[in-house]
Every structure is written in C-alpha cells, then in structure tokens.
Amino acid sequence: MSKPKLGVFKFASCDGCQLSLLSAEDQLLELAGAVEIGYFLEATSKIAPGPYDIALVEGSITTPHDVERIQQVRRDCKFLITIGACATAGGIQALRNWADCDEFVQAVYASPQFISTLATSTAIADHVSVDFELRGCPINQYQLIEVIGSLLAGRRPRTRVHSVCLECKRRGTVCVMVAQGTACLGPVTQAGCNAICPSFNRGCYGCHGPAAQPNLVSITNQFASDGVPKEQIVRSLRSFNGYAPEFRVEGDRLDASQESGE
Amino acid sequence: MTQRTIKVNAMTRVEGEGGLYLKLRGNVVEEIRLEIYEPPRFFEAFLRGRPLEEVPDITARICGICPVAYQMSSIHALESALGMTISPEIRKLRRLLYCGEWIESHALHVYLLNAPDFLGYDSGLDMAAEYPDEVNRGLRMKKHGNQILEALGGRAIHPINVAVGGFYRCPRRDELQRLIPDLQWCLDAAIETTRWVATFDFPNFQSDYQLVSLSHDDEYPMNEGRIATSLGESIAVSDFENEFEERQVAHSTALHSLRKKTGAAYFLGPLARVGLNTDRLSPTAKRLADEVGITWPCYNPFQSIVARSLELVHAFEEALAILREYQPARPAKINYEIQSGEGCAATEAPRGLLYHRYHFDDDGKIAEAKIVPPTSQNQPQIESDLRRWVTQILTDDDAATARKCENLVRCYDPCISCSTHFLKLKVDRV
Ligand code: SF4
Ligand code: SF4
Numbered sequence: 001m002s003k004p005k006l007g008v009f010k011f012a013s014c015d016g017c018q019l020s021l022l023s024a025e026d027q028l029l030e031l032a033g034a035v036e037i038g039y040f041l042e043a044t045s046k047i048a049p050g051p052y053d054i055a056l057v058e059g060s061i062t063t064p065h066d067v068e069r070i071q072q073v074r075r076d077c078k079f080l081i082t083i084g085a086c087a088t089a090g091g092i093q094a095l096r097n098w099a100d101c102d103e104f105v106q107a108v109y110a111s112p113q114f115i116s117t118l119a120t121s122t123a124i125a126d127h128v129s130v131d132f133e134l135r136g137c138p139i140n141q142y143q144l145i146e147v148i149g150s151l152l153a154g155r156r157p158r159t160r161v162h163s164v165c166l167e168c169k170r171r172g173t174v175c176v177m178v179a180q181g182t183a184c185l186g187p188v189t190q191a192g193c194n195a196i197c198p199s200f201n202r203g204c205y206g207c208h209g210p211a212a213q214p215n216l217v218s219i220t221n222q223f224a225s226d227g228v229p230k231e232q233i234v235r236s237l238r239s240f241n242g243y244a245p246e247f248r249v250e251g252d253r254l255d256a257s258q259e260s261g262e
Numbered sequence: 001m002t003q004r005t006i007k008v009n010a011m012t013r014v015e016g017e018g019g020l021y022l023k024l025r026g027n028v029v030e031e032i033r034l035e036i037y038e039p040p041r042f043f044e045a046f047l048r049g050r051p052l053e054e055v056p057d058i059t060a061r062i063c064g065i066c067p068v069a070y071q072m073s074s075i076h077a078l079e080s081a082l083g084m085t086i087s088p089e090i091r092k093l094r095r096l097l098y099c100g101e102w103i104e105s106h107a108l109h110v111y112l113l114n115a116p117d118f119l120g121y122d123s124g125l126d127m128a129a130e131y132p133d134e135v136n137r138g139l140r141m142k143k144h145g146n147q148i149l150e151a152l153g154g155r156a157i158h159p160i161n162v163a164v165g166g167f168y169r170c171p172r173r174d175e176l177q178r179l180i181p182d183l184q185w186c187l188d189a190a191i192e193t194t195r196w197v198a199t200f201d202f203p204n205f206q207s208d209y210q211l212v213s214l215s216h217d218d219e220y221p222m223n224e225g226r227i228a229t230s231l232g233e234s235i236a237v238s239d240f241e242n243e244f245e246e247r248q249v250a251h252s253t254a255l256h257s258l259r260k261k262t263g264a265a266y267f268l269g270p271l272a273r274v275g276l277n278t279d280r281l282s283p284t285a286k287r288l289a290d291e292v293g294i295t296w297p298c299y300n301p302f303q304s305i306v307a308r309s310l311e312l313v314h315a316f317e318e319a320l321a322i323l324r325e326y327q328p329a330r331p332a333k334i335n336y337e338i339q340s341g342e343g344c345a346a347t348e349a350p351r352g353l354l355y356h357r358y359h360f361d362d363d364g365k366i367a368e369a370k371i372v373p374p375t376s377q378n379q380p381q382i383e384s385d386l387r388r389w390v391t392q393i394l395t396d397d398d399a400a401t402a403r404k405c406e407n408l409v410r411c412y413d414p415c416i417s418c419s420t421h422f423l424k425l426k427v428d429r430v
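Same order as they appear, the protein sequences are chains V and H.
Numbers 1 to 262, taken from the UniProt record's numbering, label the letters of the first sequence in order.
Numbers 1 to 430, taken from the UniProt record's numbering, label the letters of the second sequence in order.
The hints are simulated quantities; they were obtained by calculation from the structure and are not laboratory data.
Do not rely on the hints blindly, as some may be mistaken.
Claimed, not checked - Each computed SDA-like pair below joins lysine to any residue, with the alpha-carbon atoms no more than 20 Å apart:
#1 7/H x 370/H
#2 143/H x 182/H
#3 46/V x 25/H
#4 5/V x 123/H
#5 230/V x 50/H
#6 365/H x 46/V
#7 370/H x 24/V
#8 261/H x 229/H
#9 5/V x 51/V
#10 143/H x 106/V
#11 46/V x 119/H
#12 365/H x 255/V
The model shown is predicted, which means the values in this text are computed figures rather than measured ones.
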C-alpha cells in the first residue's frame, strides 16, 4: 500500500506552527517514515505534485494571490487541517482588520505602490472548507502528532475543547484570578497548552483561541468589576485570536459601548 | 550571445517564502534578485497603541524560529527607555534563554537545513537513511535546546515567561538543574558536530566582507555590547541608525539595509560573530576554533556551518555554567514606573544583529516602533554574493546552477518571514 502523502503549506505566518512538526524530535523520523512528504518547503527540497492526502495549512490570507492559492491547495488535497491562530482566526496580523490598512502600508513602506496586500487578514475557513482546525499560537506539537496519527489510523482526533481552567486544575495550579486578582482569559480559552501561563504566575492571554461555548460577557463583566479599564479588556480580546468570531463579537460590543460612553 | 534565465520559484529549507531570479547573457550576469514575496504583516504599525508590557509577546510572533531574539531586543530597548537596570541574576537567565534559542535554531539549521546540501540530499529526513547517528544527534541537541526554553520560558516557540524587568516566575533550582546531564551529553555532541562539518567539501569562494556583529568586553556577544565591524569600527548601538540605513526595493517586501555613508553591503550571523569575537568563545569552543584549520575571521560563507557549530559548543558550555550555579533571582521581576520614553537595543539573533527602537507615551503606550531584522541586513550581501558565485558555476546546467545558488543562500540561514515588516525610512527613488 502506498503511503499517505502529506503537504505542508504556508500563508502569512511566522512559521512557528510548521516548526512544531520539526520540534517533535522524538517522533519526527518515525513520522517521516509513515507518510510521504510531498510538499514541505521548510524541510525538504523534494517536491511531489498533488493530490495530497493530508494538507497542513499554516497562516492567514492577506494577499489577492493567496486567495487563489488556497483554492488550489483545497483542490489538491483530500483532508485539510488548519494549524495555528493565523490559519484559524487570521492571527496577530488580523489587527489590521480594525484599522486603516492603507495607512499601515504607508507607515511601513516608503513606496507603497509595490506592496500588494488585502485590507484584511482572514482565516483559511473563510475561503475554503476546512476538515479540522487545530488552535494555538503556536499549536501544541503533541496535539499535532495526535491529529496526524489519528488520521493515519482512520479515527477522529482526540483534542480538547474545554477551557484552560481545567488544565490548571489538573496540574494543581492555584487560580491566578481568584488568588491574585490577575485578569486571565483561561475560562474562555481552549485547552491544549497545559495551562502554561498561570503556572508561571501570569494570566492566560488567549493564544489558543476561544473554547467551546465560552461565556465572554460574563468574563469581561468580571474583569470590569475587578477594575480593568474597558479599553484594556477590548485590547486583550484583540490579540492573536482577536478575529475568532467569539472574541471578535465581544471585543466589538465592548468597543461600541465604550465609544457610546455606556 | 545566449541568454539564460534561471528561476527558483520557491526556495526550500529556509524560513519563510522567497525565490531567486537570475538573468545571464553569455558570461555576464545581467540581473540577480533574491525575491521576497512573503506577505507583509505590519508589526510596527499595529504595535502602536499597545501597552509596552505586551510588546515582547507580540514581537515574538514575528518569527517562530527565533522568538527569543525578538523578545530580548524588545525588552532591552524598552528597559533602556525606562532607564532601568536589571539584576545580574536576571541578566544571566536571559543569556541562558538565548543559549536555548541558539541551540534549537543552530541544530535545526546545521542538520536539517544546511548539511543536506554538502552531502547531496534533499532533506535532513532523507539524509537520515545513511547518516542516522548524525541526524539523531542533531535532533537530540535540538530537543535539549528546546527543553531549556521550556523550563525557563514555558514553551519553546513563543515563550510566555519573558517580561519587561525580568521574568514572571523564576524556575526552581531543580526545574533547571535536571537539564544538566543531557546538556553534558550535548556538549560532546556539539564538539563532534563541529569536527564533522569541518570535514565537508567547501567551495573555494571568498569575499572581502564587511563583518558586523555585537562585541562585548568580557563575554561572547548575545544580549548587549557595541557594534564591531571588520573595518575596526566600534559603534554604539544608539548610533545604529546613523550608520546603517534601510532602502526599499521593488522586488522585495523586505527592505535592504546598507552602510549609510558608503552604501556598502555587510555580513551578519555566526561567521561574523565568531570572526569578530574568537577570543570570547567558551574555552572548549575556542580550542576547537583553533583546531578545525580555519583562520578566523573567515570570509568563506560556506563555512558558516562551522561557525554555527562552534556556537553550539559555546551555547552548551555557557548554559551548563549558568545552570550549575543557578539560584532563582529575587525578585524575578524588577518594578518600574510607567512614563514616556524612547530607547533602542540590539541583540544577536541566531542569524545576526537585530535592532529595535521604541517610543512610548506617558501611559506606556507605543507611539512608534522600528525593527530591523538580520535577514533584511544580509539581503544585499546575499545578492552580491550570488552575482559572483554564478560566474563560478556557469558551466553547470540551469537546474544545477539554481541548486548551487540556493545552497549559497541557505548558508546565510535567511529568516524570511522576519524580514518583511519595516518602518518608513527615506524614499529611495531613481
Ligand atoms: S499561529 Fe502563531 S505560531 Fe502559528 S504561525 Fe501564526 S504567529 Fe506563528
Ligand atoms: S495559558 Fe493561555 S496564553 Fe498561555 S499558553 Fe496557554 S492558552 Fe496560551
């Protein structure tokens, strides 16, 4: 039987999520033996034409050319997995979505006419159908191996959709919000990192994106009653996953209420 | 005369997206371009208005391979703007974090990205069939580099524990010291690596580079120092923008950085660092540098892999020294008062000098940010190298020429996604 063919594709991103694959040092050679790597520019000069059985897609869509390229990737693959906050929520570069992108280009480049860019940074799923999303900025390498392994074994991936809070409980970390009054997005953020930030004495800043059915209004009310200024709450929602629908809706609601002086 | 056009649409085994374009007429190179089409991500623009504490978390996302470099340059620039001095303990821990990053990044580059070029493979994974011990040695060093980052930074990619003023929490003694046995193994592995790569077949290709790196009186440069050049200059980091200048070119979303007064290209990275700081290498690395039969400073870019391996040796030796005497810093984070300020700093990313400057207002919100990454600085040098290198390999067919050009570019370990987001400088119109 021929091995399943893997493609790793990059759009606007920092390469951190695909590097997570190379950071699975202990499983890397085994994995490379179990699949045929058809396309993975960062790792190999060997390029095999599609179709690919599994495509891992990193990065967000920010240029007219990439709008077309992602369509081609979709046509070329059977199973498309988006990896990371850039691919699942537009990433940190989606901060442009609330700003004047022309002004951004002019602030950054002396000759803006050479720069071809869209006014928005959007998730892959806004452009093509996606079979599975793996959250995180960056993704967690163990979750990535689980997802690839489960596909190879023909079962559904076992990844967590509950909140970071449960991971704190599991590792025995004292709640930083209750004990120290530190604002923490853990209650509304998807698990997967093993609750790193609270274990280092800081609040979660939401890099794994919204958990399933998060209660955003409740947590932002809590922040407000703890004395966190509204504009700061808005900013904390608008970061690496700011354009994920749940964070976006609540951030925009608060922002509007702030402007109307409520 | 025959005209040849050689194109590499997407370079491989580099970080980020870029291509090559060469146009030759007979033996004359008419045009050569390192094309960077990585989409811009506008970090400097959207940092504006964010509170300064968020800067290290955000700038880390510029690059997944060297996030610590971005965190360190940001933090030092911000601390300098706040007029802060950090404690010697925190300073040491930051060097440890930087060692972890150099190790992870250098081991990846040496074994998975660069060595396959010398041995004739498409990838490190293919190379593993014939060189299993070597590839496993590289992966294991990389893994233990990542473990330093995890123990101190919380995770290897985009560490979460780095703060203005220090760390959110200093690891306990046992959390760090349990790394020692593996790192001792790694030190030997790095020594073997250096001896191994020094036996590779290096093309006879030299250039009269202007080497540029930080330099420090008592230590191998990482987090601070003055800027040294192979012309014998010693430049204060605060003079960086008077001495180096970025210009935009049409074929690249990354700007090109050149010496301001002369317009000359310059060379950054491990080869420059080792060349300008050979005497500051750790004892074992220094002995090896003498042993491998290269005269330092070295001006053959293909031998960067040897310099990179020497830095692996240095990083393991320094990390071990810090770990052996480690006591958690108290406090883990030094307090500061928010006030307006402006400050700059440069640190040595794995690929070379990384300069940041920030200006923030009374509330500590960023008003202006400027980031000059190593790859944008190396770009003009890469193009000028290609121009000369191509004339040495003209008799090859197009595919071989393209491959050999890529080999040269990979010696620089260009970090392309990092390079595409700069602030306005002077308009360079012709
Ligand atoms: S999600 Fe984060 S780590 Fe992954 S590519 Fe985007 S910026 Fe990098
Ligand atoms: S605790 Fe939150 S911010 Fe920290 S790593 Fe986990 S998901 Fe990301």
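Structure-based check of all given hints:
At roughly 33 Å between alpha-carbon atoms, residue 7/H and residue 370/H are farther apart than 20 Å, so this suggested pair is violated. Taken as a hint, the residue 143/H and residue 182/H pair is honoured in the structure, with Cα atoms around 10 Å apart against an allowance of 20 Å. Between residue 46/V and residue 25/H the alpha-carbon distance is near 29 Å, which puts this suggested pair outside the 20 Å criterion. With a C-alpha separation of about 16 Å, the suggested pair residue 5/V and residue 123/H falls inside the 20 Å cut-off, and the hint holds.
For the hint pairing residue 230/V with residue 50/H, the CA-to-CA distance comes to about 14 Å; that is within 20 Å, so the pair holds. Restraint check for residue 365/H and residue 46/V: not satisfied, since their Cα atoms lie roughly 46 Å apart, outside the 20 Å limit. The straight-line distance between the Cα atoms of residue 370/H and residue 24/V is roughly 34 Å, outside the 20 Å bound, and the hint therefore fails. Simply put, residue 261/H and residue 229/H have alpha-carbon atoms about 14 Å apart, close enough for the 20 Å limit, and the pair holds.
In summary, the hint linking residue 5/V to residue 51/V is supported, as the alpha carbons are separated by about 8 Å, within the 20 Å threshold. Proximity of residue 143/H to residue 106/V is assessed by CA-CA distance (about 41 Å); at most 20 Å being required, the pair is judged violated. The straight-line distance between the Cα atoms of residue 46/V and residue 119/H is roughly 15 Å, inside the 20 Å bound, and the hint therefore holds. Proposed proximity of residue 365/H and residue 255/V is supported: the alpha carbons are some 18 Å apart, at most 20 Å.
Hints 1, 3, 6, 7, 10 from the list above are not met by this structure, while the remaining hints are.
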